[in-house]
Every structure is written in structure tokens, then in C-alpha cells.
Amino acid sequence: MKTAVLFDLDDTLYPEIEFVKSGFRAAARYLSSRYHFGEDSLVKQMLNILRRDGRGKIFDTLLHQLGLYTEEKVRLLVYLYRSHRPTIHLYEDVLPTLECLRRYGTRLGIITDGMASVQRNKIAALGLNNLFDVIVCTDELGKDCWKPSTIPYKIALELLEARPSEAVYVGDDPSKDFLAPNSIGMLTVQVNRQTYQNLKQESIPKVAAARFVIKGLKQILPIIRGENNVC
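In this note's numbering, the protein residues as written are -9 to 221.
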């Protein structure tokens, strides 16, 4: 039986697209009240830009399209996006799984990348602060401690008083989530909620691949119990 489980946050415990839409809504609310654009149409416009261009310059593009572009307005929208209290929800299988792990006596932690204030807002909005023993926002340790650094994993395990061999890490992103915990001897599990469904497992280097790949969080329970034939 494993004694500690560490989780990623975005697209592992909740769908990150909900945060993106919530942030777009915060920006749209400002633009709607200030310039009388339709709030829903602005959100739709930003989602279309995201689908077409990806992340990076969404607010720049939007403001150019609206004829409102200035660098200051871009910074304002970025500020609203990052600082707003998001409307987001856990995946349905999260709370039942955490409750089962608690009954096992398992200690629980989160390790998450991203701007610390943004991640802390997400964690608060999801009501996770009282459900986990340790929450490590890697940004609070410095950019050099973002994944795939081993440092946040070692810190979380130290605080949970667990050895790597006693612990499991559950994440979603094979590009960064599993290299570090694999290297220190943790058991790793990828929960693939279709975010990376087109990424073939054979394309992932063995050192960076999760030991198990599951489709729903409840599937980690037999793994925690040592029933490793579940995947």
C-alpha cells in the first residue's frame, strides 16, 4: 500500500479550459461595461482566437480586431485574467477518489506549475485547501523549480514524511509531469482525460513516461493498493 499520493492540478483535478473561459469572461465583462460590446460575443471571439492561434497573443489580437489596441489595455486584460476569482469545477471523480484515499490513511499533496497567485486562486475556488496535506506551487520556489525539476517533489515528500518508494504521482502531461518523479523512484500514473489522446505512448521517452495510464481518477485506487494489473 502506498502511503502518499501527489497530484498535478490543471487537467488532472479539473478541466483547465474552464479556467480559460472564466478568465475570458472576466476580460469580456470589463470590455462590455466600458465599451458596450456584447459579453457573450467577446468570449466567443476569444475562444475562436484561441482555437485558431493558440495561447500567447489572444488579447492583442482581440483588441486589434476591436480597434482598441494599446499595450496598456493588453496588460489590463492580462491582469484581469490572472487575478480574477475563477468559476471552475472539479472533475466528478475527484472527491470520491480523495475520500477513498483518506479512508486508506493516504497523505495527499498537490504539485502545480504556473504563476503562484493564479494557481492559488484556482485551488481556493475549487475548495482544495482543506483536502490536501501539502500544496506546492512550484513558482513559489523559483522558475528553476518548475517541472521537470525534482525539487518540488522532494519538498512535498519531505513535508508528507514519505519516501519516494512509498509515493505515487498522478498527472496528465507526459511532456513534463513524470520525468522527475520517475527519476527519484516514485510510481507515476498518467490520467488521460483525452487532452493528450493523439499522443502515441511510443513517442514518449521511457524515462518520461508514466508507469500506468488511466482514463479516470478512480482507477488509481487499485494501484495504491498494489494491484498493479489494473492498467
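Calculated from the structure, these hints are not laboratory results.
It is possible that some hints are incorrect.
[As the list claims (entries may be wrong)] Within a straight-line C-alpha distance of at most 27 Å, the following computed DSSO-like cross-link-like pairs (lysine-lysine) qualify:
1. K11 <-> K133
2. K47 <-> K166
3. K63 <-> K47
4. K144 <-> K196
5. K(-8) <-> K205
6. K144 <-> K11
7. K133 <-> K144
8. K(-8) <-> K166
9. K196 <-> K166
10. K11 <-> K(-8)
11. K47 <-> K(-8)
Here is what the structure says about each hint:
no., hint, result
1, K11 <-> K133, "holds, 26 Å"
2, K47 <-> K166, "holds, 23 Å"
3, K63 <-> K47, "holds, 13 Å"
4, K144 <-> K196, "holds, 21 Å"
5, K(-8) <-> K205, "holds, 20 Å"
6, K144 <-> K11, "violated, 33 Å"
7, K133 <-> K144, "holds, 16 Å"
8, K(-8) <-> K166, "holds, 23 Å"
9, K196 <-> K166, "holds, 13 Å"
10, K11 <-> K(-8), "violated, 36 Å"
11, K47 <-> K(-8), "violated, 43 Å"
Going down the numbered hints, you'll see the structure goes against 6, 10, 11, while the others check out.
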